[in-house]
Amino acid sequence: MTQVLQQLTGIRPQSSGWLHSLNEAGAAVVRNAVWPTRKTEQWKYTSLRALEQMDYLGARGQIPDDLTGMAKLCSVDNLDTYKIVFVNGSYCAALSSVESLEANVDLVTFADADTQQIVRIRESLGSVVESDQHLFAAVNNQLLDDGVFLRVGKNVQLKKPVQVVWLTSGSEIPFHIPQRFLMVLEANASASAVEHFISDGESQACFTHGVTEIRLADGARCNHYRLHLEAPGALHVGGVYAALDANSRFDSFHLALGGALKRIDVVVNHNGPGADCVLNGVYLPRENQQVDYHTCIEHRVPHCTTQETFRGIVADSAKAVFNGRIHIHPDAQKTLARLSNKNLLLSDKAEVDTKPELEIYADDVQCAHGATVAKLDANALHYFRTRGVSQREAEVMLSFGFINELIDKLAQPALVHYLRPVLTQWFARDPSLVRHLLDAQEQV
Amino acid sequence: MLSIRNLHASVDDKAILNGLSLEVRPGEVHAIMGPNGSGKSTTGHVLSGRPGYEATAGSVEFLGRDLLEMDTEERAREGLFLAFQYPVEIPGVSNMEFLKAALDAQREHRGESPLDAVSFMKKARDICKAVNLDQSFLKRGVNEGFSGGEKKRNEIMQMMLLEPKLAILDETDSGLDIDALQVVAQGVNALRNPERAFIVITHYQRLLDYIVPDYVHVLAGGRIIKSGDKSLALELEEKGYGWLEDEAV
Ligand SMILES: Nc1ncnc2c1ncn2[C@@H]1O[C@H](COP(=O)(O)OP(=O)(O)OP(=O)(O)O)[C@@H](O)[C@H]1O
Ligand SMILES: [Mg+2]
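Chains as they are written, first to last, in our numbering: chain E, 16 to 459; chain Y, 38 to 286.
What the hints contain is simulated information worked out from the structure, not anything from laboratory work. Here a beta-carbon is modelled for each residue, glycine too, at the ideal position from N, C-alpha and C. Please note: incorrect hints may appear among the correct ones.
Covered stretches of chain Y, as calculated for chain E (at least 3 residues, CB under 8 Å) [claimed, not checked]:
(1) 80–88
(2) 101–110
(3) 116–124
(4) 130–142
The list that follows gives simulated cross-link-like pairs (lysine-lysine, DSS-like), each with its CA atoms no further than 27 Å apart [stated by the list, open to error]:
(5) E:Lys-54 - E:Lys-370
(6) Y:Lys-51 - E:Lys-424
(7) Y:Lys-51 - E:Lys-390
(8) E:Lys-370 - E:Lys-357
Okay, chain E solo, but in the shape it has when bound:
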């Protein structure tokens, strides 16, 4: 047994209240678990070494006394949201604002939930994620003491997006963050949610184990954005688990900058006929960072669709892993599923392991998948240069274009606006090479 598992076995459940039984259930799974190694199929390409090197589980984070500058970090220009902010894993009321919420909507932390809300949370919490299949979901269950609950009642269209921020700020000692978000949209409800992971500095020593569960009832519609913009030293092993009832629509966008360890699982269950899922993602590891996305779409019933597109740019000696599984069960006739994964390697030392997995057990389905690893298009580079643009600027603009195709499609223009400088910063350590990417946005 490794140190981490051993340590977990010694940790008593954190919460005395109604989360206690979930903590116990998590602990039971962890007790019998085997620590993943490179021989574990699900962890073949991603090493957990970074997690083993420091004692993250020994402490929880503290909210710093000085919150200067943090409000700005947590806000997206021109995006008015219901905002819930956690700093170093603890709820921060000073930075949060949930005012004039519509009727028949719950948006509350687990800790602040009233009796009725607790009943609702307990009805759904843990109902989507299969924590015996996902070790770190079990770890999260065991260590959980708070979280965010969003419920949108039948037929309610939430006016403003919900933004849940997980901000990490430098700390002397390593610590861990149990991140949890439970979102329940009742029949024909609609809502947008932004999960926003950021840091206020370069050096971080924290480990987030996270679970987001999303339940969409019949006809519900959800626009979901999950932005991993945390510092490279902030480790993250987490996942998004969604259950889609009949005719619901789940539109989910993922973005991850790289880190010492960043592993995100996205699992979508088509449980009711006519459900639609659009799943897009962008990952951008550089230096010696890594990013690992494992996605799995379960088509259990007929007449559902999945459109999945992930693109990655891997620079320097960084490494990316993309594993995209689409599982079409025998009953899932008339399924339409497409999966595309394209990768751009910016250096000879950059590495990507991409594996689309299509498992089809129904005969009347339309499926397509493709995965490519490419370099920049030489014709496009030349075209730029014939107009006088330097090779280096052309490379940056072309790479940007490669992922911008997905960013530009976001339903929230404010997020497009917000992400552009984040991304251009990623692309060029030399600001002169990205000035036209920033300029143009101001003009349009």
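Mind docking chain Y with the ligands on chain E? Use the hints.
Below, chain Y with the ligands alone, put in the same frame as chain E:
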């Protein structure tokens, strides 16, 4: 301004240009015609410095400098422009970003400061209008999903923005409707002045009714086999290329 002397060039080790010579002076318009596969586009690519197109013999002088020694972007900044026969699609990069990057690079080369956003926008909108493209084309990805004719107009738009000293138009008239042909011709004619020269590659005499050339050349087998004035184009229209090839042997 451009002297091509006995230029030989190959693509993937296959010889395509076989002793091409051409002299272009400021203010002139040269039309180049010739059969498919004769090396017209190759000439444009070699002049633009496209990777894989290698000059194996001969020389090219542009405004007193050895063109073949210069990088592609430097040639452009010195005033050479090529309108592509097949413009490249660049999804994710907007036309606007592309135009601004190009213009700023060229202005910087001339020691001028970048245009401020407002002036640039105005300029971009004006030329967009001049080539009869909707303003929305400025926001779209470069050539992304453009129709054939729209791509050609986009090339002309870039030319109008960059105001090159020498523009090579490679079949910019192919695939254009009659109105678009006028647009292209007006674009060229508006830029015509005693300092600027054009090389117009075309298969159709019709374009030359609108852009009246000073010289017409026939390229075949990788070299110019006949030159004349605009009446040569009419003669070609009537007789085809066969008689010339026979004559050239
Ligand atoms: N990469 C290549 N490898 C081999 N041959 C090539 C390559 N590129 C071009 N060629 C050949 O070079 C010759 C000249 O091509 P080019 O495109 O210059 O012709 P063109 O005169 O522009 O013809 P068109 O009127 O059809 O546009 C053609 O025979 C073409 O097949
Ligand atoms: Mg050609």
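Hints the structure fails to honour: 6
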